[in-house]
Amino acid sequence: MSPTSKTTHGGRRLVIVESPAKAKTIKGYLGPGYVVEASVGHIRDLPNGAAEVPAKYKGEPWARLGVNVDHDFEPLYVVNSDKKDQVKKLKQLLAESDELYLATDEDREGEAIAWHLQEVLKPKVPVRRMVFNEITKDAIRAAVSNTRELNQRLVDAQETRRILDRLYGYEVSPVLWKKVMPRLSAGRVQSVATRLVVERERERIAFRTAEYWDLTGTFSTGRGTAGADPSSFAARLTAVDGRRVAQGRDFGPDGRLKDGGRGQTLHLDEAAARALAAALEGADFAVRSVESKPYRRSPYAPFRTTTLQQEASRKLGFSAKVTMQVAQKLYENGFITYMRTDSTTLSDTAVAAARAQVAQLYGADYLPDRPRVYASKVKNAQEAHEAIRPSGDRFRTPAETGLTGDQFKLYELIWKRTVASQMKDATGKSVTVKVGGRGADGRDAEFSASGKIIDFHGFLKAYVESVDDPGADLDDRERRLPQVAEGDPLSATEISVDGHATKPPARYTEATLVKELEEREIGRPSTYASIISTILDRGYVFKKGTALVPSFLSFAVVGLLEKHFGRLVDYDFTAKMEDDLDRIAAGEAEAVPWLRRFYFGTDDPRSGDAAAAGNGDGDHLGGLKDLVSDLGAIDARGVSSFPVGDGIVLRVGRYGPYVEEVGSDGEPGRRADVPGDLPPDELTVEYAKELLAKPSGEVELGADPETGRTIVAKAGRYGPYVTEVLPEGTPKTGKNAVKPRTASLFKSMSLETVTLDEALKLLSLPRVVGADPQTGEEITAQNGRYGPYLKKGADSRSLQSEDQIFTITLDEALAVYAQPKQRGRAAAKPPLKELGTDPVSGRPVVVKDGRFGPYVTDGETNATLRRDDDVETITPERGYELLAEKRAKGPAKKTAKKAAAKKTAAKKTAAKATAKTAAKKTAAKTAAKKTAAKTTARKTAE
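First residue of the sequence shown? That's 22 in my numbering, and the numbers climb one at a time after it.
Honestly, the hints are just simulated from the structure, not real lab data.
By construction, the Cβ of each residue, glycine as well, lies at the ideal position given by its N, Cα and C atoms.
It is possible that part of the hints are untrue.
In silico BS3-like cross-links for lysine-lysine, where the CA-CA straight-line distance does not exceed 30 Å [to be verified]:
id	residue 1	residue 2
1	K342	K455
2	K715	K646
3	K350	K48
4	K342	K536
5	K735	K812
6	K342	K430
7	K45	K158
8	K437	K199
9	K445	K564
10	K350	K564
11	K109	K77
12	K110	K445
13	K437	K854
14	K350	K112
15	K735	K760
16	K336	K430
17	K109	K48
18	K158	K77
19	K110	K48
20	K336	K753
21	K437	K45
22	K813	K782
23	K430	K869
24	K842	K869
25	K565	K350
26	K109	K350
27	K455	K430
28	K854	K813
29	K450	K430
30	K597	K584
31	K342	K564
32	K842	K782
Simulated restraints, written as ranges between beta carbons of each label pair [unchecked claim]:
id	residue 1	residue 2	range
33	K314	V488	18 to 24 Å
34	I226	K437	37 to 43 Å
35	Y807	S512	51 to 57 Å
36	S512	D476	54 to 60 Å
37	Y708	K437	29 to 35 Å
38	V488	S551	22 to 28 Å
39	K715	A255	47 to 53 Å
40	Q840	A396	52 to 58 Å
Go ahead and model the full structure; you've got the sequences and the hints to work with.
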């Protein structure tokens, strides 16, 4: 029975989801009789501050925490101040409804939101829990017909996590305020994630570069090129007289060989490498061995939350936060399944849809005999969810979706990965060739080359996963070697000498930090995006390109936590806490005894024994309460001080990091601010001395002849600047506060040379260039954080140099505004090659360089070049053939998109009409109820 037909006899139903976008999509599928409204996320939580604590609890000793630790950790929940109006609205809608459907997400967070809604709304009508994994018409209607009860175990698990995180954050954060800096925060996973980033930077600071050399030989078979096989190849020196030549992996972080001086590895310096190369000139070389092995690569599993975040970071440059925001929109609008999942499982419907598209787009040769099944490798994965995939029982190709921008890119990524997961393996062979020769000095040198040939690309035709190491080969990369056999003579056409230096361990990126957290089983994958956003927002970490760099502040915070709260930032302990929380969710442990043990310690009589606390390991551990009770042992200055060398110390102060000279008697000397964006591994003794040698304090430049105020130049945290000194008694705060004029020095200026005239010119900015004669809007020239620019209303345009701020004329400014605005994108690249006119479309065909490699296009249809196609040698006929193949796969034509758009518009019109009809019926029903109520009241009165 459809939802609509049920409603005819069942009255009005209120469906509550989390977001307005989700509500809008679902409303279109349910039709009349259903009112769909959003809670807009959580409607209540623990109080965020004293102001939110109800008056009757303000005197309680636990009110600050919002958790009654002496009464089974009972939480105090309050409706969020910004949700009170929404709660009022939901109550009004519920009063007019006959049933309540709680349709929040099917995970711990969603179950908790549903429970909170039920607790706050206190419904007197039947309540049903409605769950679904995708927002499609069939899925929503099936969910309405197959409701369940609230899962209290999931609610308890989420509540335990929330209480634990509140205890951790509210007890440890004040320690940081007192000992490091106000307004800092600590968190169960956030602090451990920060420690990982800091530890990696410590490794970089301790790292010592090692230099090593080797040779590269280019060897020729003397035969011509045979088909796709080359006649020559490059091979790297691997051994000399049987001793293996050292490569980067053979050196430790101290810059020394790892073999412990046993002499098993040969470390070549530049002189030795050049001498060896000279001795090998004219030597006879031959193939010593050829080893061939089968190559097979299986498809990657469909995406789950963390793998999607990692791949979107590598391929699209998305942060974890952006990935989840875009995925949320795709889910709410019915394009993909739920995006917070640990599972790699696909439903039978999804497998059938993927296999159908494999056969349609790539042919039966690419379809395996049996569907592929992927088992989750994630501990305690929530298998109730599917992997992230396109929604529905037939996948829309990216061209069919009508999506644009980031949503199109992410959908395309998910679609390709899902389809590829049901394709055949890639197969081929890998070959290793070893080449040997004896030099004029009698030394034997052995070179090695490896190759890979892919005979059948299989799933690689659809999708190739990116890698974190930019120097590593992708799975579809072929390296062809000549057809050679053992004993074949070779000639060396070139022996080159190559110098290398070992590199420090790479900093984490968002992708690699997510991977590390998951591998260590710290936190839950669904929270990683918010964790990374938090440590960036708190200033513990900043980005340099894609790398996550810890600030000096994070060194102080992590140092304090490691020394005084070591267990709380211990990786194994944090992972074990996650296990305990999962055991509570599974009903294998009790929440309250576990929280007692964590907060009060195992020896406190309120905790009971270790076994009762849900952990039978018998450890005797102090509780969080004891850890934060005695802060006297924490040396605030000590945890924020780090020796640089030569009597120089870096200190983390309230206003940022600075370096300070410390004399032999311990007395402080000169000090200088350290740039806030300086990576810690770049603070060397030499750089610290440079900072200390720069003028400190302020340099008085003179008086402004117009105002009489003194103008000074200063060294600030973000660079040198000039400002004016306000007269004594000038109000600096409040309604009548006066702010001094301030301006950053140009890059061409310095504190030592800046003059009063230059300072006054800087303080005069922004400069009015003139007014746009067409709009009358004022155009100004200014200097900003990202350099010099023009501003006209809300329209800003960059200038080429700082000097232009004072020299650009109105005509020149108007010429700048006449140019198309570049929105962070480079100008379009010229075509790599022109092929002629396509015989089908009649449009010019060119080869262009795209995000996924070169492709041919006639401006309407795009077709990626195949592995065997080469930009230099591709013929016009081959280009036309690729375009014809792409058109045959369809539907990718613009007419198809227009038809889809018209169809969507028609659906929206129908949906609006349906909504209006439903509204009229609801109004009529409400009016009827009111009339009946009045009649009853009148009869009662009579």
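Consistency of the hints with the structure:
no. : hint                    : verdict
1   : K342 x K455             : violated, 48 Å
2   : K715 x K646             : violated, 47 Å
3   : K350 x K48              : holds, 16 Å
4   : K342 x K536             : holds, 15 Å
5   : K735 x K812             : holds, 27 Å
6   : K342 x K430             : holds, 15 Å
7   : K45 x K158              : holds, 13 Å
8   : K437 x K199             : violated, 52 Å
9   : K445 x K564             : violated, 39 Å
10  : K350 x K564             : holds, 26 Å
11  : K109 x K77              : holds, 23 Å
12  : K110 x K445             : violated, 53 Å
13  : K437 x K854             : holds, 28 Å
14  : K350 x K112             : holds, 27 Å
15  : K735 x K760             : holds, 16 Å
16  : K336 x K430             : holds, 10 Å
17  : K109 x K48              : holds, 21 Å
18  : K158 x K77              : violated, 48 Å
19  : K110 x K48              : holds, 17 Å
20  : K336 x K753             : violated, 49 Å
21  : K437 x K45              : holds, 28 Å
22  : K813 x K782             : holds, 21 Å
23  : K430 x K869             : holds, 19 Å
24  : K842 x K869             : holds, 23 Å
25  : K565 x K350             : holds, 28 Å
26  : K109 x K350             : holds, 27 Å
27  : K455 x K430             : violated, 44 Å
28  : K854 x K813             : violated, 40 Å
29  : K450 x K430             : violated, 33 Å
30  : K597 x K584             : holds, 20 Å
31  : K342 x K564             : holds, 14 Å
32  : K842 x K782             : holds, 29 Å
33  : K314 x V488: 18 to 24 Å : holds, 21 Å
34  : I226 x K437: 37 to 43 Å : holds, 41 Å
35  : Y807 x S512: 51 to 57 Å : holds, 56 Å
36  : S512 x D476: 54 to 60 Å : violated, 30 Å
37  : Y708 x K437: 29 to 35 Å : violated, 46 Å
38  : V488 x S551: 22 to 28 Å : holds, 26 Å
39  : K715 x A255: 47 to 53 Å : holds, 49 Å
40  : Q840 x A396: 52 to 58 Å : holds, 56 Å
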